[in-house]
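Chain B: place on chain A using the hints.
2 protein chains.
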Amino acid sequence: MSQTRIVLDESEIPTHWYNIVADLNHPPAPPLGPDGKPVGPEQMLAIFPGPVLEQEMSTERWIPIPDEVRKVYALWRPSPLCRAERLEWMLGTPAKIFYKNESVSPAGSHKPNSAVAQAWLNKIAGTQRLVTETGAGQWGCSLAFAGQMFGLPVRIYMVKVSFDQKPYRRLMMQTFGGEVIASPSLLTKTGRDLLAEDPNNSGSLGIAISEAVEEVVGSPGSKYALGSVLNHVLLHQTVIGLEAKKQFGKFDEYPDMIFAPCGGGCNFAGVTFPFLGDAAAGDKRAQKIRMVAVEPASCPTLTKGVYAYDYGDSSGFTPLMKMYTLGHDFMPPGIHAGGLRYHGDSPLISQLYHEKLIEAVAVPQKATFEAGVMFARAEGIIPAPESAHGIRACIDEALRCKETGEAKTLFFNLSGHGHFDMAAYESYFAGKLEDFDYPEEAIHASLARLPKIG
Amino acid sequence: MSQTRIVLDESEIPTHWYNIVADLNHPPAPPLGPDGKPVGPEQMLAIFPGPVLEQEMSTERWIPIPDEVRKVYALWRPSPLCRAERLEWMLGTPAKIFYKNESVSPAGSHKPNSAVAQAWLNKIAGTQRLVTETGAGQWGCSLAFAGQMFGLPVRIYMVKVSFDQKPYRRLMMQTFGGEVIASPSLLTKTGRDLLAEDPNNSGSLGIAISEAVEEVVGSPGSKYALGSVLNHVLLHQTVIGLEAKKQFGKFDEYPDMIFAPCGGGCNFAGVTFPFLGDAAAGDKRAQKIRMVAVEPASCPTLTKGVYAYDYGDSSGFTPLMKMYTLGHDFMPPGIHAGGLRYHGDSPLISQLYHEKLIEAVAVPQKATFEAGVMFARAEGIIPAPESAHGIRACIDEALRCKETGEAKTLFFNLSGHGHFDMAAYESYFAGKLEDFDYPEEAIHASLARLPKIG
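Going down the list, the sequences are from chains A and B.
Going by the numbering used here, 93 is the number at position 84 of the first sequence; the sequence numbering is gapless.
Going by the numbering used here, 23 is the number at position 14 of the second sequence; the sequence numbering is gapless.
So that you can see chain A by itself, here it is in the shape it has in the complex:
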């Protein structure tokens, strides 16, 4: 029998996260205040604890993973690296297809990799409780679980439309011990003002962020936690790629191309940055890898956005970050991959894309679900809609290989399972999924509203 999966012993969980900031060609552009001046750590300390900010600013290449974090990682890590032989066979491709299975975590995705780290860093900083927001629910579940591991209460502002439509994600958070609040809520001034205007306001990620931050600023002992975009979140996710490198070694294989969905960017970063690190260190094989960020055609941040300073949230509360953006108040069409409906992208990924070290491609919704179903039937795992984006792009490349006869080694990150997204599959099977047109006019309009600096 040829090898299907490489599992590693928990002693092989990485001991350090890889910080790509140490290997960038140029220092990252700093976050700016509305006055155009760099935001200092003291402003950030109001919402993040010192140890998190230290990692956010760090230029060290290797950052130790605390034993307490590795111990919790060991509940599901190292995650398996799998050869998708049956998918190759179904496609009739000469390409070899591998995937890293991050769906085995407590929340069912890669998100706990950072949630556990952030909860621990808050714990040692003396934080009493954590407050965050969640859209589709993955991040909320991850932080609820992570807080539980270290005895930190977690409050989650959940976008009201998701709170109502995804009761099982909400219940997962509650089962892990999290407190879930429908946002907008009466607990914050932001929420009260919005509900006074419109009692039926169904919320947005921007509003939920505002409520979480407002609460934290006014509550000593409470801190905020973010699930993507920022440097420290991407840093924590590098355990994915670090493990994958070891596992490829045991398969005696090496990827020619890597695919991962890209919303805020933490899952793409997690799988690719360690290979980019090898490339920076002069590894010729790593330098040849093509790394492809996959985004929805309806929210094409890298492929159609501009590289500019913009707000991280839709309301303009956050510092300005230099990133690819569709404009902070661009409202993407209602696709089912909620985790990819983000107007911007991580500054680190944006910089790498700007310097042409990585690539990007946008895929339409229906073809994405078609790929998800094909993968489920081949490998027995129903992928999250977000993850199906990476699968789609990988399958497209495998089909190109079929035409050219190239036996490339393709690798994608299966960032999560779709057990809480079956309603989306129901729409797909019922023929009710839409392929939204590229929202060109809306993007032009929101880009025209990019903030002026200084």
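Hints in this document: simulated from the structure, not taken from any laboratory.
Here the structure is a predicted model, which means the values were calculated and not measured.
Heads up, some of the hints might be wrong.
In this list, chains with the same sequence are indistinguishable; a pair is considered to hold if it fits within one copy or across any two.
Lysine to any residue pairs mimicking SDA-like chemistry, simulated, CA-CA at most 25 Å apart [as the list claims (entries may be wrong)]: (1) Lys-365 with Arg-294; (2) Lys-80 with Asp-18; (3) Lys-80 with Met-383; (4) Lys-255 with Lys-293.
The following block gives chain B in isolation, referenced to the frame of chain A:
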């Protein structure tokens, strides 16, 4: 860091299933027809293929696992054996708690272990398509997946009330390529007659079995597959215990007690039979293990039933099997652990219980969910309601150890996750779960209706 999980390489997937029939003190009582005469294989061949029946009747101790089956097992097997250190800490017990994590499979439970084997045995027998029934949906998902692996179409009669209330389990079957029919249906005489009487008939497992069997008997090339109770199903599940023995060796530990939920019995059998095999072979340590089948207080087959010949289904279509039973037409209260709402028990497990080689205990519903939530908060896995029964009994023993100071090694089988059972957790958190009284009168009444033989 102490070891949290033992994962094995796929080369350590067992090469043979263990057949306990070879080691029983007495030969199993044969299935009987209504005339009191043993049912011959020729009658069974109408619904099962030869290679399945051969395993059903076999007295060989070791039965080879075909490479094609091991190759599919490798998508998720060997499953991890985990030490629940955080649960021990939460309980403050000196006991060590281990669990085998069968929730990592495509369907999210142990059920695919037999579904894949049955699909392959049908494939080599020339079966064109498979027909089965499903209640809560676990078995239907497993067979849909297994059929997909070998290109066998699968039709699943799903009890109508579940079809309506558990759309996501239905969608999982469809995603794996299964065809799902609400039962009673217009496709069979059984279904048509029932719907003519009552168009709103919401179905039952007994009705769904009847429809599946009726269709198979009238369709050359179609065969039936059952998810528990029968010898061959229990046989296939022994991969669980065989792997666990290797894994305990790597932990340098050995169980004093084993707990597993018991409905039809295949998951309990899967984890315990290989240890019983060691005991039969004279292994002193194995002879000392206490093995506890855990059932719901509202459906207490082993703890309150009688050992007698009875039908396997509620309608009296199947052969008579000698087993512990509450009476074939006993209707258990509507607890959320659908997989444990069975009036009977596997004949093999019934015999072992009758001969006092295994024990049984019944636990109430609310305490079961309490244990499920505690486990989720300790280990990051939300258990299926069925699985939470084993956890409850294990926690109770761990708490006894706390009183006595005994450092016992406790082991339970986490048979599945609860991602498709969150509505049950919602009822628990909302305080709406019932602890049904022991249904004494109903059981007495149904036991009075046990079939007379001959």
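Comparing the hints with the structure gives:
1. Proximity of Lys-365 to Arg-294 under the C-alpha cut-off of 25 Å is restricted to the intra-copy arrangement: shortest distance 17 Å within a copy versus 63 Å between copies.
2. With identical chains, the CA atoms of Lys-80 and Asp-18 are at most 25 Å apart both within one copy (13 Å) and between copies (21 Å).
3. Taking identical chains as interchangeable, the C-alpha atoms of Lys-80 and Met-383 lie at most 25 Å apart only when they sit on different chains, with a minimum of 19 Å there against 35 Å within one chain.
4. Taking identical chains as interchangeable, the C-alpha atoms of Lys-255 and Lys-293 lie at most 25 Å apart only when both belong to the same chain, with a minimum of 17 Å there against 41 Å between chains.
Hint violations for this structure: none, all hints satisfied.
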